[in-house]
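Peer 1: We have chain A already, so just place chain B on it with the hints.
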Amino acid sequence: MKPQRDSAILDAGITVASGPILVFSLFLLAAGHNQPGGGFAGGLVAGVAVLLAWAGGGTELVRRIVPLRSSALMGAGLLVATLTALAPLVLGMGFLESGYVEVAVPAIGDVKLVSAVLFDIGVYLLVVGMSLGLVRALGESEPSEGEGST
Amino acid sequence: MSWLLPVLVAGPLLGAAITLVFGRRLMPQRITTLSIVAGTAAGALALLAHVDGEGMVTAQMGGWPAPLGITLVADRFSAIVLSVSALMLVAVLVYAMAQLGRDAIDWWFHTKYLTLTAGVTLSLLTGDLFNLFVGFEVMLVSSYVLLTVRSTQREIRSTMSYVVINLLASALFLVTIAFTYGISATMNLADLSVRLAEVDPAASRTLSLLMLVVFGIKAALFPLFMWLPDSYPTAPTPVTAIFAGLLTKVGVFVIIRTQTLLFPADEPSGLLLFVAGTTMTVGVLGAIAQNDVKRILSFHIVSQIGYMIMGLGLLSIAGLAAAVLYITHHIIVKTGLFLVAGVVEAEYGSGGLDRTGGLLHRRPVVAALFLPFALSLAGIPPFSGFVAKLALVQEGLALGQGAIVAVSLAVSVLTLFSMTKIWGATFWGEEKEASGRAGRPELATTGVVLALSLAVAATAGPLGELSLRAAADLMDPAVYVSAVLGGS
Numbered sequence: 005m006k007p008q009r010d011s012a013i014l015d016a017g018i019t020v021a022s023g024p025i026l027v028f029s030l031f032l033l034a035a036g037h038n039q040p041g042g043g044f045a046g047g048l049v050a051g052v053a054v055l056l057a058w059a060g061g062g063t064e065l066v067r068r069i070v071p072l073r074s075s076a077l078m079g080a081g082l083l084v085a086t087l088t089a090l091a092p093l094v095l096g097m098g099f100l101e102s103g104y105v106e107v108a109v110p111a112i113g114d115v116k117l118v119s120a121v122l123f124d125i126g127v128y129l130l131v132v133g134m135s136l137g138l139v140r141a142l143g144e145s146e147p148s149e150g151e152g153s154t
Numbered sequence: 013m014s015w016l017l018p019v020l021v022a023g024p025l026l027g028a029a030i031t032l033v034f035g036r037r038l039m040p041q042r043i044t045t046l047s048i049v050a051g052t053a054a055g056a057l058a059l060l061a062h063v064d065g066e067g068m069v070t071a072q073m074g075g076w077p078a079p080l081g082i083t084l085v086a087d088r089f090s091a092i093v094l095s096v097s098a099l100m101l102v103a104v105l106v107y108a109m110a111q112l113g114r115d116a117i118d119w120w121f122h123t124k125y126l127t128l129t130a131g132v133t134l135s136l137l138t139g140d141l142f143n144l145f146v147g148f149e150v151m152l153v154s155s156y157v158l159l160t161v162r163s164t165q166r167e168i169r170s171t172m173s174y175v176v177i178n179l180l181a182s183a184l185f186l187v188t189i190a191f192t193y194g195i196s197a198t199m200n201l202a203d204l205s206v207r208l209a210e211v212d213p214a215a216s217r218t219l220s221l222l223m224l225v226v227f228g229i230k231a232a233l234f235p236l237f238m239w240l241p242d243s244y245p246t247a248p249t250p251v252t253a254i255f256a257g258l259l260t261k262v263g264v265f266v267i268i269r270t271q272t273l274l275f276p277a278d279e280p281s282g283l284l285l286f287v288a289g290t291t292m293t294v295g296v297l298g299a300i301a302q303n304d305v306k307r308i309l310s311f312h313i314v315s316q317i318g319y320m321i322m323g324l325g326l327l328s329i330a331g332l333a334a335a336v337l338y339i340t341h342h343i344i345v346k347t348g349l350f351l352v353a354g355v356v357e358a359e360y361g362s363g364g365l366d367r368t369g370g371l372l373h374r375r376p377v378v379a380a381l382f383l384p385f386a387l388s389l390a391g392i393p394p395f396s397g398f399v400a401k402l403a404l405v406q407e408g409l410a411l412g413q414g415a416i417v418a419v420s421l422a423v424s425v426l427t428l429f430s431m432t433k434i435w436g437a438t439f440w441g442e443e444k445e446a447s448g449r450a451g452r453p454e455l456a457t458t459g460v461v462l463a464l465s466l467a468v469a470a471t472a473g474p475l476g477e478l479s480l481r482a483a484a485d486l487m488d489p490a491v492y493v494s495a496v497l498g499g500s
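For the protein sequence lines, the chains are A and B, in the order given. Per the working numbering: the first sequence = residues 5 to 154. Per the working numbering: the second sequence = residues 13 to 500.
In short, the hints are calculated from the structure, not lab data. Incorrect hints may appear among the rest.
[What the hints assert, rightly or not] Here are the simulated SDA-like cross-link-like pairs (lysine to any residue), alpha carbons at most 25 Å apart as the crow flies: (1) A:K116 - B:G81; (2) B:K124 - A:A80; (3) A:K116 - B:D304; (4) B:K444 - B:V460; (5) B:K433 - B:K444; (6) B:K124 - A:G51; (7) A:K116 - A:A45; (8) B:K124 - A:F44; (9) B:K124 - A:A76; (10) A:K116 - B:L421; (11) B:K433 - B:A422; (12) B:K124 - A:T88; (13) A:K116 - A:A141; (14) B:K444 - A:I125; (15) B:K124 - A:I125; (16) B:K433 - B:Q406; (17) B:K124 - B:V19; (18) B:K444 - B:R375; (19) B:K124 - A:F28; (20) B:K124 - B:R37; (21) B:K433 - A:A45; (22) A:K116 - B:S173; (23) B:K124 - A:A141; (24) B:K433 - B:D366; (25) B:K433 - B:L297; (26) B:K124 - A:K116; (27) B:K433 - B:L421; (28) B:K444 - A:F44; (29) B:K433 - B:Q302; (30) B:K124 - A:L83; (31) B:K124 - B:V102.
[As the list claims (entries may be wrong)] Calculated from the model, a selection of chain B residues having no Cβ within reach of chain A, i.e. all distances over 12 Å: (32) R42; (33) S47; (34) L222; (35) A379.
Predicted model, so just to flag it, every value in this text is computed and none were measured. For every residue, glycine included, the Cβ atom is placed at its ideal position computed from N, Cα and C.
Okay, chain A solo, but in the shape it has when bound (with noise of 0.2 Å):
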């Protein structure tokens, strides 16, 4: 199903918003360990885009943008979150602890990489994966494969 109308203004003005839009929701998955974001903030964001996309193009578009079954995104998101706060055990540390390094990237200085970052990028994923279901079953007439009740 694709929005009635279409208009010039809106769909260049999607163009123009999503890619800044995009790296905004990287940013806040990026800058969540000690500011506000994280991955549940940044997954909305993106899902923001994807709302626009089908606002622009209809599930048509969505579907060409993330050609991915949006139970799987949020599968592997899960996937991700729940090994990563599973895997501190097999090393003998407590349940969702959060080990990190800190490496000297040349030209940036000292980077701390932090493995809770992992556990924000599976939120990340399964958010974007919640917004991408909830286009597909709320802006289709019909339910596809694969969506309907995920």
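Peer 2: Leaving out everything else, chain B in the frame of chain A:
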């Protein structure tokens, strides 16, 4: 052993992730779900053996020490309830797989079943009030989907009240959490137990009452039970069976946990006994008025909750032990009865008493499955219900609570009456036209549940002692507090 606690919660979530990735491919989904749920049950039993032998197990999330980090706790009480629940989750899953395709159980079922499992284990194991809210929500959101997934008009309508009332209860739960935090500045249950002992008794009593209302809605206590008999019977049988067996009992579990740990008392509570008595009576009277197998059984869930609260209301070691025993017995019997109801529906296409009849002659095996469950529910010896009720009645008399004992005995008679109503209409009487035939796997799983229920009766001695030990821990909050906070 403390690694096992987070694994019991995260394992089912990992399984849910895997089933999502597999999409509609059924076989890998089934293998994943069955192995994860069976593994959870094995883990729960191992945990029970460990906790009973060597004392409570705790785990700190993220390595943050209590009371700052979230604690997972297993004591004898939670390990018992978790073990029985996990065994029922396995049994119902096998039943659901046998029914696949017929009772609208399809590929979507597995992911929700696993998240439901995770919600149940988290609610039972958490030692943190806010985390308990999370556990409840995981459990409830899964249950909303499982109830509405067939999406017929009738189901959506009857699930509406379920969703609305549970959302309301969740909101009230959040308010209660805010109050609790405002008064005590902590969310850790063990820490709360210490701090609430020092606050104004009026504030502590208010919190106690608020928590009773919040969890009373989840547990379907009188007068907060109206959502239950309306919403449960419309779902597919395996869904109804697992909800009937587990969800309200998680509510009862949390009521017992919070009331004994946070608001310790050692003489019978008039309020709890009153609620127990009215819940029993109204539930059973509702059941008598129904004309559908599943609706009768749904009202009996409410009625039986009253017995568990009666055990809590006595607030003595023997009383709580009886409540623990009752929960154990009830989870198994109630799940089993709904599975039998599913078999009856499979035979006649409906559980309406006017559309069934003569099943005793056509399928004597179904009658043989129903009868012990029904007698056990009513508390007839030698079945498990008798053991649990006897313990309750003995302790009630010992504490001089004659009124509640009289009510509980009268309700038992009425329970028996409503069971004979099902028996008379469905198993006796003229043979009605059957529309289908329940398969062997369904009957076999129900048989296994029945065997478990008989095992509860046969091992009543050791089980009774185990629940006495569990109750002794419950009556002494210091045990829980020192296990979590470390010898304070």
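Peer 1: Each hint: holds or not?
Peer 2: Verification of the hints:
Of the pairs offered as hints, the one joining K116 of chain A and G81 of chain B holds, with about 23 Å between alpha carbons and a cut-off of 25 Å not exceeded. For a cut-off of 25 Å, the pair hint linking K124 of chain B to A80 of chain A stands: about 16 Å separates their Cα positions. A threshold of 25 Å between alpha carbons decides the hint, and for K116 of chain A with D304 of chain B the separation of about 63 Å lies outside it, so the pair is violated. The suggested pairing of K444 of chain B with V460 of chain B is violated, with an alpha-carbon distance near 28 Å, which exceeds 25 Å.
Straight-line distance between C-alpha atoms of K433 of chain B and K444 of chain B comes to about 16 Å, which keeps the hinted pair within the 25 Å bound. With a CA separation close to 23 Å, the supplied pair K124 of chain B and G51 of chain A stays within the 25 Å bound. A threshold of 25 Å between alpha carbons decides the hint, and for K116 of chain A with A45 of chain A the separation of about 21 Å falls inside it, so the pair holds. Note on K124 of chain B and F44 of chain A: the hinted pairing holds, with a Cα-Cα distance of about 21 Å set against a maximum of 25 Å.
Straight-line distance between C-alpha atoms of K124 of chain B and A76 of chain A comes to about 15 Å, which keeps the hinted pair within the 25 Å bound. Simply put, K116 of chain A and L421 of chain B have alpha-carbon atoms about 67 Å apart, too far for the 25 Å limit, and the pair is violated. With a C-alpha separation of about 17 Å, the suggested pair K433 of chain B and A422 of chain B falls inside the 25 Å cut-off, and the hint holds. At roughly 22 Å between alpha-carbon atoms, K124 of chain B and T88 of chain A fall within 25 Å of each other, so this suggested pair holds.
Note on K116 of chain A and A141 of chain A: the hinted pairing is violated, with a Cα-Cα distance of about 40 Å set against a maximum of 25 Å. For a cut-off of 25 Å, the pair hint linking K444 of chain B to I125 of chain A is broken: about 59 Å separates their Cα positions. With a C-alpha separation of about 23 Å, the suggested pair K124 of chain B and I125 of chain A falls inside the 25 Å cut-off, and the hint holds. Taken as a hint, the K433 of chain B and Q406 of chain B pair is broken in the structure, with Cα atoms around 29 Å apart against an allowance of 25 Å.
With a C-alpha separation of about 18 Å, the suggested pair K124 of chain B and V19 of chain B falls inside the 25 Å cut-off, and the hint holds. Taken as a hint, the K444 of chain B and R375 of chain B pair is honoured in the structure, with Cα atoms around 12 Å apart against an allowance of 25 Å. A hinted pair counts as satisfied when its Cα atoms are at most 25 Å apart, and K124 of chain B with F28 of chain A does not qualify at roughly 32 Å. This hinted pair checks out: K124 of chain B and R37 of chain B have alpha carbons roughly 16 Å apart, not beyond 25 Å.
With a C-alpha separation of about 56 Å, the suggested pairing of K433 of chain B with A45 of chain A is violated against the 25 Å cut-off. Of the supplied pair hints, the one linking K116 of chain A and S173 of chain B is violated, its CA atoms being roughly 50 Å apart against a limit of 25 Å. For a cut-off of 25 Å, the pair hint linking K124 of chain B to A141 of chain A stands: about 18 Å separates their Cα positions. Taken as a hint, the K433 of chain B and D366 of chain B pair is honoured in the structure, with Cα atoms around 11 Å apart against an allowance of 25 Å.
Simply put, K433 of chain B and L297 of chain B have alpha-carbon atoms about 13 Å apart, close enough for the 25 Å limit, and the pair holds. Only pairs whose Cα atoms come within 25 Å are accepted, and K124 of chain B paired with K116 of chain A is rejected, the gap being roughly 37 Å. Among the hinted pairs, K433 of chain B with L421 of chain B is consistent with the structure: their alpha-carbon atoms are about 19 Å apart, no more than 25 Å. Between K444 of chain B and F44 of chain A the CA atoms are separated by roughly 56 Å; this puts the pair beyond 25 Å, and the hint is violated.
About 10 Å separates the Cα atoms of K433 of chain B and Q302 of chain B, which keeps this hinted pair within 25 Å; it holds. For the hint pairing K124 of chain B with L83 of chain A, the CA-to-CA distance comes to about 15 Å; that is within 25 Å, so the pair holds. Restraint check: the Cα-Cα separation between K124 of chain B and V102 of chain B comes to about 14 Å, which is no more than 25 Å; the hinted pair holds. The claim that R42 of chain B is not at the interface with chain A holds, since no C-beta of that chain comes within 12 Å of its own (minimum 16 Å).
Interface exclusion of S47 of chain B from chain A stands, the closest Cβ pair being 16 Å apart, more than 12 Å. With a closest Cβ-Cβ approach of about 29 Å to chain A, L222 of chain B is found to remain outside the 12 Å limit, as its non-interface label requires. A cut-off of 12 Å between C-beta atoms confirms that A379 of chain B is not in contact with chain A; the least separation is 37 Å.
Of the numbered hints given earlier, the model fails hints 3, 4, 10, 13, 14, 16, 19, 21, 22, 26, 28; all others are met.
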